[in-house]
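Student: Listed below are the residues making up each chain.
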Amino acid sequence: MKRIMCTILMFLMIFVLFGCQNQFDNDVITVWHDKEESVIQVLEDILAEELPDVKIDFIRKESLTDTLKLVGNDANSAPDMYIFAHDKIGLFAEIGILSPITEFIDVEQLEEYVDITIEGATYKDEIYQLPFYFETLLFMYNKDRMSEEEVPKTSEELYQYMVEHTDARRYGFVEQHSNAYYSAGWIHGFGGSLLSNDGVPLLDSAETKAALAYHLKFIEYMPKGQAEYATVNTLFYEKAANSIIAGPWIVAQARENGIDLGFARMPVIDETGLPIAPYAGIQGIHVLKIAAENDERKAVITDILNVFTNPQIGIDMALNSGVAPAHSLAYEDEMITSNELVMAMRDAALDAIPMPNIPEMDIMWTTASNMLVDINLKGEDIETVVALAQKESEDLIELMK
Amino acid sequence: MQKTKKMNHKGFSAVLISLPALLLIGLIIVFPILYTFYISFTNMNIYHWFTFELIGFENYRRVLFVLDSGFLRALWMTILWTVVNMSLQLVVAFIIASLLNHRHMKFNGFYKTLLMIPWAIPGYVSILLWRTGMFNTEFGLFNQWMRSLGFETVQWLSGDIIAFISVTVVNLWLALPFMIMIMDGALQSIDQSYYEAADLESANVLQKARLITVPLMKPVIAPAVVITIFTTFKQFDIIYLLIMQPAARTGANIHTILTYAYENAFITSNYGYSSAISIVIFMMLIGFTLGFNRQMRKGGIKHVEQH
Amino acid sequence: MSNNTRKIINRIWLHGFFITLSFVTLIPVLYALTISLSSSNSLLSSDFSFIPKNITLNNYALLFTEYPIIRWFSNSFILAISTLGLALGVSIPAAYAFSRRTFKGKQSVFKTLILLNAFPTILSMFALWRLMSTGPVSLINTKIGLVLIYAGTMAIFGIMNMKGYFDTIPIEIEEAARIDGGTEFQIVSKIVLPLAKPSIIVTGVMILIYVWNEYIFSITFMTGSENYTLAVGLYSLQAGEISGSWPLFTAAALFTSLPVLIIFLMVQRHMVSGLTVGGVKA
Chain A
0 MKRIMCTILM FLMIFVLFGC QNQFDNDVIT VWHDKEESVI QVLEDILAEE
50 LPDVKIDFIR KESLTDTLKL VGNDANSAPD MYIFAHDKIG LFAEIGILSP
100 ITEFIDVEQL EEYVDITIEG ATYKDEIYQL PFYFETLLFM YNKDRMSEEE
150 VPKTSEELYQ YMVEHTDARR YGFVEQHSNA YYSAGWIHGF GGSLLSNDGV
200 PLLDSAETKA ALAYHLKFIE YMPKGQAEYA TVNTLFYEKA ANSIIAGPWI
250 VAQARENGID LGFARMPVID ETGLPIAPYA GIQGIHVLKI AAENDERKAV
300 ITDILNVFTN PQIGIDMALN SGVAPAHSLA YEDEMITSNE LVMAMRDAAL
350 DAIPMPNIPE MDIMWTTASN MLVDINLKGE DIETVVALAQ KESEDLIELM
400 K
Chain B
0 MQKTKKMNHK GFSAVLISLP ALLLIGLIIV FPILYTFYIS FTNMNIYHWF
50 TFELIGFENY RRVLFVLDSG FLRALWMTIL WTVVNMSLQL VVAFIIASLL
100 NHRHMKFNGF YKTLLMIPWA IPGYVSILLW RTGMFNTEFG LFNQWMRSLG
150 FETVQWLSGD IIAFISVTVV NLWLALPFMI MIMDGALQSI DQSYYEAADL
200 ESANVLQKAR LITVPLMKPV IAPAVVITIF TTFKQFDIIY LLIMQPAART
250 GANIHTILTY AYENAFITSN YGYSSAISIV IFMMLIGFTL GFNRQMRKGG
300 IKHVEQH
Chain C
0 MSNNTRKIIN RIWLHGFFIT LSFVTLIPVL YALTISLSSS NSLLSSDFSF
50 IPKNITLNNY ALLFTEYPII RWFSNSFILA ISTLGLALGV SIPAAYAFSR
100 RTFKGKQSVF KTLILLNAFP TILSMFALWR LMSTGPVSLI NTKIGLVLIY
150 AGTMAIFGIM NMKGYFDTIP IEIEEAARID GGTEFQIVSK IVLPLAKPSI
200 IVTGVMILIY VWNEYIFSIT FMTGSENYTL AVGLYSLQAG EISGSWPLFT
250 AAALFTSLPV LIIFLMVQRH MVSGLTVGGV KA
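Protein chains in written order, with numbering that gives the first Met the number 0: chain A, 0 to 400; chain B, 0 to 306; chain C, 0 to 281.
The set of hints was computed from the structure by calculation and includes no laboratory data.
Every residue, glycine too, gets a C-beta built ideally from N, C-alpha and C.
Some hints here could point you the wrong way.
[What the hints assert, rightly or not] Short derived list, chain C residues pointing at chain B, Cβ under 7 Å:
#1 33
#2 96
#3 118
#4 126
#5 135
#6 156
#7 159
#8 166
#9 265
#10 267
[As the list claims (entries may be wrong)] A few chain C positions that, by computed beta-carbon distances, are all more than 10 Å from chain A:
#11 2
#12 177
#13 241
Next up, chain A with everything else stripped away, as it sits in the complex (with noise of 0.2 Å):
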């Protein structure tokens, strides 16, 4: 009895969910993208009032860098838009799932935008994504614990400021500094870098091996034997740190904690008098081949782009989430120039380089972090472990082709 009643329960449900299939509906444009809601519902607001009859989705994905590999041109699965930061950029181009964004906008228009972020839109000298704004680290501070006379101009200065301040309880200085992501601010800082713009691996050049030697007594001053975010993020919550070098995502918390946050430029190496340039990261709109092959949806959303061209959205995206706008034009306002972070961030975008959007550079996040943690909380001689890594690297992308 029980088997028939089971049977017949798998079937019902069974039909139950073929009649809830969910079908594409083809009028809609339909835009995947990772950010929260506070980003989207700009993009939402403004393009309910500029285009009040075009249908879109902005639909949360998540992995969806992963989900966009296997969904490639099925015109089926595939999404018309998606909106992430640009390093996934030369995977899909490669691929061939891209469609260049000039196919959409003038050229004209992008003029208008921050230097850094068309530079990390562009692979192989094609434009592919929209920028609405960036990211990057900064150096802050909790001004209670560290007076603005004290706030280090170079990083002499503020090795000198750790040896002050550090104790058992305190720690001067924190950052994540066996992260590939945040190590590349100090490799920039003395003109190396972690991959030449043809992919070539450039781990074992004199200035990454030197920004590593010199990096190195830094660490004695930072908690032992780890360096994840939480620790780091934590003690500075704690006011148990005086200073780190973060992303804007700290702020809310960091205020909430009740810290007085201050903002400064980064150190400058002294050796070579280049500031510590870290990566920026640039969060945009692309567009999908697939997308851009029927007409009415390419006019479509070639529309919905020249909206997005509007400073008013990285002005609004600013100042609810402070996050930097990539048009020029949003820094003229009122509002953007009182902000504090944002500014901040602004100017920090002259010294930060973007992250390469190459295919390659997949492959370098997991050696450089592998090679940091090696040295920094192995205590490995630097010569050997960035020779293997440097071998690793190349390997690696050999093994792409």
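Could you slot chains B and C onto chain A? The hints should help.
Tutor: Using the frame of chain A, we list chains B and C on its own:
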């Protein structure tokens, strides 16, 4: 003596009623393996995503180059990992399940439910909690206790050995509920009359366990044990999230086969090559299993004679 | 020592052991509970105590007001029931067949099934996507597609697990019933299946937990917040460096785990074997 005879009965044809299952399995399990096998002979990578072509054994040749010391170390680590975890799981689960089924044990349903809780929580949540909440060097729970007890804080995830132990502890925490449940079910399937007979012969606890319980449980728990062995061997999540994730490496290097394959093949997005490595790992595992099986048979299965 | 005293001492030991064990096991869970009840968004703090400073149920309330958690729950529920129906529906007959009948190549088929487990399922993602998207109707982003994947993944385990249990049910029972008359179907459903209840329930619980907590396939195959299962919704709330709130995340995690525990509690009494309760004495 209980014997299970097999019968060739008329009635539902055996093949017919297993057909739906076999079909489903063929589709969901066998097809991907075959497809991966097919892709491993092509050059599908980001430069030829849609336009790949067959390139013969080229990918396999590359795999051989990668079978270097790092791979062997990962293999050895995987075997160690599987052996240690399985032994601990079997022994500990057996003890706990036996105690739960003890004559004098009341409320065992209540305890069982409590002990099942680790299993009910989604795995990656637990791993995150363990990693960031318990093992964290500065603020984690364990080190806070160490400090309040006056000990030095320990870097739980930083050295190879201690990291291995920490990850094993977390794995046990996650996997024991299942094992306990299986053992519990198996224990209950044993006819009590055997124990009564043993009591008449004044057998002690160890003898009863060795001569009655274990042999009778073996066939019932065998499938679950085999599946757990495979699962443990294939484990990726727990090791990767606790130790090896690039943004948060802790300094220990305990790559297992799968994490090694991930960092040395899958991140290249070269599907042809990754498929070849997957097939190789798959073959290895099958090879081990068959080899192990043969060893077991040679060793002989002792038949327990009951009187 | 008298028998009674021994009994009491044994009881004390046993209960003591289990209380300690349970407590130790539950420490991470209690930790999560504390976080979920606190109002500040921090997983770590230097002065952590198991009783949070400002207890608030706000995080749990947020789950219901800000997120379609009821929708997520019903999605998980539908998927779970359907997978259970399909998986058990195909595995039980197959397990029975493997246990009772001999047919050509049975051993090798069974062995192959076991060996198939050696292939890591995450690698199947691409192939399964291909499978689901070809054909007249694309099964991407449909519940049916997911149910097929889940049931297929669990089928082998189901067959293996239940076959082992069927093997321990003496064939004499069926023979006795056959003598009493009745069709094959009646014998199986009225006599054998009830005896196999513990195994069926265990397998069912296994399948339930798998489907309930599975997120990798769901995330990839399903798009859109209304289609999220609890597991995927939970994943989207994940707290990491850049975004997410730990209290909300832990609250959601605990909420997701609750139904499984309730099912487990309810199912406890059915897990006592039918054999030890008035079964057939060999």
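Student: Now tell me if each hint is right for this structure.
Tutor: These are the hints, each one checked on the structure:
A distance limit of 7 Å between C-beta atoms decides the matter here; for residue 33 of chain C the minimum to chain B is near 10 Å, and the interface restraint is violated. A distance limit of 7 Å between C-beta atoms decides the matter here; for residue 96 of chain C the minimum to chain B is near 4 Å, and the interface restraint holds. At about 5 Å, the closest approach between the beta carbon of residue 118 of chain C and any beta carbon in chain B falls short of 7 Å, and the interface hint on this residue holds. A distance limit of 7 Å between C-beta atoms decides the matter here; for residue 126 of chain C the minimum to chain B is near 4 Å, and the interface restraint holds.
For residue 135 of chain C, the interface hint is violated, since its Cβ never comes within 7 Å of a Cβ in chain B; the closest pair sits about 16 Å apart. A cut of 7 Å between beta carbons decides the hint on residue 156 of chain C: the least distance to chain B is about 6 Å, and the hint holds. Satisfaction of the interface hint for residue 159 of chain C is found here, the shortest Cβ-Cβ separation to chain B being roughly 3 Å, below the 7 Å cut-off. Interface restraint check: residue 166 of chain C against chain B, minimum CB-CB distance 6 Å, threshold 7 Å, status holds.
Taken as an interface hint, residue 265 of chain C does not check out: its beta carbon lies about 10 Å from the nearest beta carbon of chain B, beyond 7 Å. Using the Cβ-Cβ criterion of 7 Å, the hint placing residue 267 of chain C at the interface with chain B is satisfied: the shortest such distance is roughly 4 Å. With a cut of 10 Å on Cβ distances, residue 2 of chain C stays outside the contact zone with chain A, its closest approach being about 43 Å. The Cβ of residue 177 of chain C lies farther than 10 Å from every Cβ of chain A, with a closest approach of about 19 Å, so its non-interface assignment holds.
For residue 241 of chain C, the condition that its CB be more than 10 Å from all CB atoms of chain A is violated, with the nearest at approximately 5 Å.
Going down the numbered hints, you'll see the structure goes against 1, 5, 9, 13, while the others check out.
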